[in-house]
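A.B. asks: So you can see what is in the structure, the chains are spelled out below.
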Amino acid sequence: MKLSEIVRQLGGQLAGEDVDVIQVAPLDIATVGQIAFLSNRKYTSQVSTTKAAAVILPENVDVDYAGPRIISANPYLYFAKVSTLLNPIPEVKPGIHPTAYIASTAKVSPLAEIGAFTSIEDGAVIAAGVVVASHCHVGANVVVQQQTRIKPNVTIYEGCQIGERVIVHSGVVIGSDGFGIANDQGRWVKIPQIGRVIIGNDVEIGANSTIDRGAMADTVIEDGVKLDNQIQVAHNVVIGAHTAIAGCVGIAGSAKIGKYCTIGGGAIVLGHLSIADRVNISAGTLITKSIKKPGTYTGIFPFDEHDVSIKHAVQIRQLGRLADRVAVVEKLIKQEKS
Amino acid sequence: MKLSEIVRQLGGQLAGEDVDVIQVAPLDIATVGQIAFLSNRKYTSQVSTTKAAAVILPENVDVDYAGPRIISANPYLYFAKVSTLLNPIPEVKPGIHPTAYIASTAKVSPLAEIGAFTSIEDGAVIAAGVVVASHCHVGANVVVQQQTRIKPNVTIYEGCQIGERVIVHSGVVIGSDGFGIANDQGRWVKIPQIGRVIIGNDVEIGANSTIDRGAMADTVIEDGVKLDNQIQVAHNVVIGAHTAIAGCVGIAGSAKIGKYCTIGGGAIVLGHLSIADRVNISAGTLITKSIKKPGTYTGIFPFDEHDVSIKHAVQIRQLGRLADRVAVVEKLIKQEKS
Amino acid sequence: MKLSEIVRQLGGQLAGEDVDVIQVAPLDIATVGQIAFLSNRKYTSQVSTTKAAAVILPENVDVDYAGPRIISANPYLYFAKVSTLLNPIPEVKPGIHPTAYIASTAKVSPLAEIGAFTSIEDGAVIAAGVVVASHCHVGANVVVQQQTRIKPNVTIYEGCQIGERVIVHSGVVIGSDGFGIANDQGRWVKIPQIGRVIIGNDVEIGANSTIDRGAMADTVIEDGVKLDNQIQVAHNVVIGAHTAIAGCVGIAGSAKIGKYCTIGGGAIVLGHLSIADRVNISAGTLITKSIKKPGTYTGIFPFDEHDVSIKHAVQIRQLGRLADRVAVVEKLIKQEKS
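Residue numbers (the UniProt record's numbering), protein chains in the order written: chain A, 1 to 338; chain B, 1 to 338; chain C, 1 to 338.
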């Protein structure tokens with residue numbers, strides 16, 4: 001694809017020769033036919049030595065490079081769009097694999113693609129342009145809307161709803177029972193989980209993530225939410241539109257996460273909390289109470305060389321005593337002065 | 001179902017009109033035909049405005065509500081039981097799906113239900129009333145006892161034993177090899193994992209949890225244990241009866257967890273520890289040594305606005321110096337006084 | 001197997017009667033025909049009372065035991081090798097299960113074993129001696145090299161490469177899309193993930209772990225790496241040879257982990273970091289910056305009884321104030337002295 005054609009479709013400003021590019025690549029390993037980008041100015045020095053055929057550059061960057069280039073206000077976003085042009089998602093191949101099992105009352109669009117050994121249970125609806133790859137279980141009365149792509153080995157429990165253009169990666173479980181138990185003199189009694197999972201449009205769910213169905217009302221993932229791998233979303237959680245959550249995050253029951261939030265990897269959000277819109281939670285942080293104002297929130301215990309760190313732990317245990325000692329000293333000084 | 005019929009089966013005290021209810025719902029969204037409950041008195045004000053057909057109330061609650069109601073000492077438990085009456089688990093449909101594969105020496109009860117594309121390997125025993133849903137792998141010589149329900153996409157390695165009335169959710173792996181390796185001059189040598197996983201009765205295991213087989217002896221999950229999603233149970237762990245563990249918890253090898261314990265989400269229990277009966281571990285807590293007394297144990301680093309939190313981390317690194325400074329001050333004051 | 005035959009194959013020094021052993025077992029539960037070992041001297045007292053037929057002992061141990069024994073410099077490693085002799089991995093049974101689906105252009109060695117309901121997509125190559133168990137999805141153009149064992153329910157996305165003698169446990173997902181998104185005025189734009197996952201020889205990957213494909217370049221797991229269960233490896237991570245990682249660890253994008261490292265359970269390594277060779281990271285530790293020197297690194301917030309721990313959290317929030325108070329005291333004393 002010629003740079004001029006890219007600029008025609010995506011905007012930006014072309015400078016230098018109008019070369020052809022066939023793939024994207026990082027600055028330091030790009031080669032013939034590849035287009036690289038400079039997003040983080042830390043890597044500016046790589047531009048002058050890159051072997052890329054062309055580079056996407058930010059405005060007003062001071063760089064020794066006169067080769068083919070596209071100037072963009074947001075090179076990383078521009079690169080994302082170029083890569084999407086050069087790497088379109090595979091076309092849907094409508095049809096049902098001969099080994100798949102479709103229950104008699106399931107409705108599968110003739111424009112959908114169903115993979116090997118996939119089972120679509122009674123009453124399920126699979127819309128046009130959907131791909132359900134191999135080894136998936138689509139439970140009774142599940143609805144999967146158009147152009148959604150479900151990768152191999154995904155399980156969707158009965159009654160759940162998946163929006164349009166959603167991507168669900170392998171190993172994901174949607175609609176399993178929430179962890180609802182009541183204590184009866186030491187023994188646990190299971191509470192039937194009768195809600196559903198409702199997933200909006202343009203959501204992506206990473207490999208082996210789990211989203212539990214609601215206890216009574218539904219668990220809701222709003223439009224544009226992006227979930228990385230191995231995320232646990234408990235029953236009755238609501239994740240607001242366009243929130244992005246990194247891997248290994250756990251969100252406990254009935255937590256309400258706002259819109260346009262980000263949550264770093266390994267963070268835990270306790271149950272029955274509300275997180276405002278536009279909140280950023282740092283990786284590894286445990287959120288123990290509601291957050292009402294936008295901003296970045298962090299709780300990271302510092303790591304250190306082992307022996308040093310062990311001392312920190314001891315000192316934390318002695319903090320109360322240290323504060324008491326300071327109070328005694330303060331009192332003594334006050335007495336002396338009076 | 002009439003309230004009087006519910007009271008006949010479950011006890012409690014009926015007051016107001018003996019109406020019919022068909023479903024449970026939360027106080028704030030319940031409507032015609034639905035029964036709600038008041039468990040946490042924080043929500044008492046919702047009772048007077050609820051549109052529920054009936055409410056389960058605690059004893060001695062001061063509430064402006066004269067509608068149909070059931071008085072119970074433990075409304076949450078009562079609600080759990082009402083919901084179970086109104087939402088019985090689906091009946092078993094005995095039979096083997098035509099796409100399933102049953103090895104010639106496997107013994108599947110004619111009263112069991114086997115789903116699409118499920119494989120039952122040689123020597124496995126599936127008892128009466130069991131459901132093994134679609135896409136499951138039941139390894140050689142596995143025993144699944146009566147009335148257990150195994151959801152789609154579950155893997156059970158050879159030789160493991162599952163008790164009665166167990167529920168295993170999708171994506172669970174039971175009996176995979178424990179992480180047993182011995183170091184040989186920098187390289188790791190695998191130690192064969194020849195134990196099994198033994199799961200008691202009335203256990204529930206959440207989606208994508210993993211329970212490793214023992215290295216030599218067995219990994220044991222006792223009766224009534226409830227595990228949420230994405231829990232990792234390493235080899236030779238023993239989890240005592242009626243313990244409940246929330247999502248994303250990791251339990252390292254050979255840890256022994258007591259009976260009637262609870263473990264909050266995202267906690268980690270290190271290996272070769274013993275946790276006494278009736279211990280509660282808070283979410284996000286790392287347990288680094290044995291706990292010998294019942295009680296609640298916590299280790300939560302507080303989160304804060306990012307800039308504030310970063311300062312806390314710096315201050316923790318300076319704790320030793322701060323303590324030294326206090327000691328100097330104490331010494332100076334002592335000198336002055338003498 | 002006679003002890004003399006074991007010593008012939010594995011070295012070590014035989015003492016006492018040359019008995020037959022058929023299985024390994026721990027000292028405290030071993031019985032007739034079983035061989036136990038003493039690795040941690042904490043358990044020395046168990047040797048004199050063991051019912052084991054034979055014991056593997058370290059050199060120079062002071063123990064009251066005159067029974068059949070093998071003396072080894074490293075009893076744990078010796079035991080691992082004895083167990084491997086007594087518990088050889090099951091032989092490959094070459095052949096394709098009649099329910100499996102092999103795409104027309106896939107190349108499956110006649111010496112490979114393919115399980116029930118497994119699909120091998122176009123262009124995939126399965127070498128001799130490989131076992132792909134039931135319910136696996138082997139994507140297009142995947143290469144699996146000789147003697148690798150893939151357990152049931154594994155998903156390998158298109159184009160990934162698996163080395164020789166690798167073991168992949170159930171529920172593992174290899175090659176799912178990395179979490180690559182660019183922000184466009186609040187909405188997230190997906191970045192195509194066009195790299196692969198390349199896995200070396202002698203790697204083991206635990207149940208339900210996930211390894212994402214690279215964004216542009218590849219994600220690489222080098223030879224001899226051992227991964228426990230539920231580990232998340234993000235796009236473009238490189239894990240150096242012979243590194244061992246315990247369960248529930250998350251490694252964020254583009255992190256480079258050195259060779260011969262160990263990472264404890266539940267640790268999180270942030271993205272774009274470098275960890276030197278021979279680094280040990282403690283369980284539950286959050287690594288927020290690169291580590292350049294070998295050694296052990298820890299960041300563990302201490303747990304305590306709940307009420308005590310809550311006070312620690314409060315005190316951490318007041319650390320700045322405490323430091324200020326100490327500074328005031330120091331200044332007052334200095335003034336007095338002058």
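Read the hints as simulated data drawn from the structure, not as lab findings. Predicted, not measured: the structure shown is a model, and the values here were computed from it. Hints should not be assumed to be uniformly reliable.
Dumping the calculated BS3-like pairs for lysine-lysine here, alpha-carbon to alpha-carbon at most 27 Å [to be verified]:
hint, chain 1, residue 1, chain 2, residue 2
1, A, K190, B, K2
2, A, K311, B, K2
3, A, K334, B, K331
4, C, K107, B, K331
A.B. asks: Given the hinted pair A:K311 and B:K2, is their Cα-Cα distance within 27 Å?
C.D. replies: violated, 64 Å
A.B. asks: What's the verdict on A:K334 and B:K331, does the C-alpha distance respect the 27 Å limit or exceed it?
C.D. replies: This hinted pair holds, its Cα atoms lying about 16 Å apart.
A.B. asks: Keeping to a limit of 27 Å between CA atoms, is the pair of C:K107 and B:K331 held or broken?
C.D. replies: violated, 80 Å
A.B. asks: Checking one constraint from the list: CA of A:K190 to CA of B:K2, max 27 Å. Satisfied?
C.D. replies: This hinted pair holds, its Cα atoms lying about 22 Å apart.
Violated hints, listed in ascending order, are 2, 4; each of the other numbered hints is respected by the structure.
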